[in-house]
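Colleague: Let the hints inform the model, and build the full structure from the sequences given.
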Amino acid sequence: MIARRQKSKRRQQLEALILAPLNWLDERDPKLLGGVRYFLFRKVPRETNWFHTLGSATLTAFLVQLVTGVILAMYYKPSANEAYDSIQKITNELTLGWLVRGMHRWGASVFIILLFLHMGRVFLFGAYKYPRELNWLVGVIILTLALFEGLTGYLLPWDQTAYWATVVAININANAPILGPFLGDFLRGGTEIGENTLSIFYSFHMLVIPGGLIGLILLHLYLVVRLGVTPPPWSPAAAGYEEEDGRPARVGLLEPRPRGNGALGRPPRERTGA
Amino acid sequence: MADDLEPERHGVEPQHPSPTIWPFAFAGGIALLLVGIVVSWPVAIIGAGIAVIFGFLWIREATREVRALPPPPEPEPSVSELALEEDEPSEPERVSRSRFLEGATLGLGAVIGGIVTLPALGFMVLPAFVGQEYEPVDIGPLENFPENSYVTATFVYKKGEGRLGRRTAFIRNNGLVNEVPSMTIISSRCVHMGCPTQPQGPPGGEPTEIKTSSGSVSLQPVQASGFGCPCHGGAYDAEGNRTAGPPVRALDRYEYSIRNGNLILGTPYSVGEVDGEGGKARIKAYRLADPGQHVDGIEQVFYPYVP
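Chains as they are written, first to last, in our numbering: chain Z, 10 to 283; chain B, 74 to 380.
It should be emphasised that the hints constitute simulated quantities derived from the structure, not laboratory data.
These numbers were taken from a predicted model, which means no experiment stands behind them.
All residues carry an ideal CB built from backbone N, CA and C; glycine is no exception.
All the pointers check out, no bait thrown in.
Partial list, computed: chain B residues near chain Z (C-beta under 7 Å):
#, residue
1, V198
2, A201
3, F202
4, Q205
5, E234
6, L237
7, M266
8, G267
9, C268
10, D363
11, P364
12, G365
13, F375
14, V379
15, P380
Modeller: Following this line, the structure appears as structure tokens:
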């Protein structure tokens, strides 16, 4: 920490108190905090605007779903005879249960809406173009998994809406050519919807799909940091990168030079020609 | 490449014993011995014998130079020599020790991963396909079903699942055909997307609840001119043929039998089309398919395999 001007003793003590554990970590592995520091203080284009926050907003919505979902799982009972009653108990009896369930239920819609808004921003800003196509593809898988989260979560209240919506949803899947009938039987856990269906959907909803989502979101973020934030189309810097001194990068659309320095490893090999 | 990593080995006589396969057999003998201690004594003795024999061979091999025996007539080239000669195109089959270990590690890892993963995957998928037979359901005495009139019967299809295990069928007694009772038993499951169809018409009597060997059965006589689905507007006539809406075939039916005067529902089956009415109807029957799947016509090529 650079002391720009004289600090009061109290402030110095406070800083030492906060920095002591961080320094301890830094001494063990400089890359640990270096990575965090790099993530937080990395260079972004000058023209970033509020539309660029949609991705972070989506991430926040996902984290809300993650936390509220974990808490709901403590009180929810995924069995055919208890599921409906346990949801009623969460909503009507347990303290603040209505709030957490409401956050999870409405947050699901917020998550999906933000995903689409974020996708629209990426599309309209041309941020899916070279070299960021891979991140677009990862994002598409994230979107698909998020929709599957919605589908599997819809069954869990185990009321009439949930039951018949799932009957229809599974039969739509079962109508896919060739492998559809097998997919339908797998999702149902048999030829007819039963209690196995509920636990299969529960397992997918809280274990399989969130696990995949977390991994893909980390990959998504890594690629964002690695390849840099795309400036908006009206930016003079085009889709390139600014040099560290703030000048526009020498490379343009045809020859972007991804800038990854320090904590996240070497930048990729220079590309020549176009 | 081993020769990149160990350039200082050039021209140096290797001090370690030359490679041998005896330790593998020795380890196998030890493993057999340990298994045998648990399983049976003869196996343990065989294992101990193998371990002793190959242990002896291993020791003899390893101490050959110490005992200053003359080298075998064709000494096997040692590992470092192999690595040095690797770049020579005349001997392409030679595999360096590190390469062999790399392959062995990957291969063993794949085998172990497969041994762990395959049963788990099988357990994840197979229960949905194995043992999915339909148990016969006792619907009660035949006298409850007046001739040429539908009765909506709701019965326990699967025990232990509460209301979830209940299904509904529309049952009509067609009277005697060739001196055998003829029944039309139509499943309420809409063949568009699986919602419950409802009979179109007023109730034809008071609902009754009877007990049979398959649990409780509710019966509701109804004057049905056809069946309709509330979800997406599928409509069927009194024989289950589609008359309007999105369904792709006629309503499914149940096989039936009559035992001791009681109506027994058997396996459900899918129906392409029904010609005629009542006991004279000709039913184009197919194996039970999920709702929405074509069982006849050109579209059936989409569903060649039905589990």
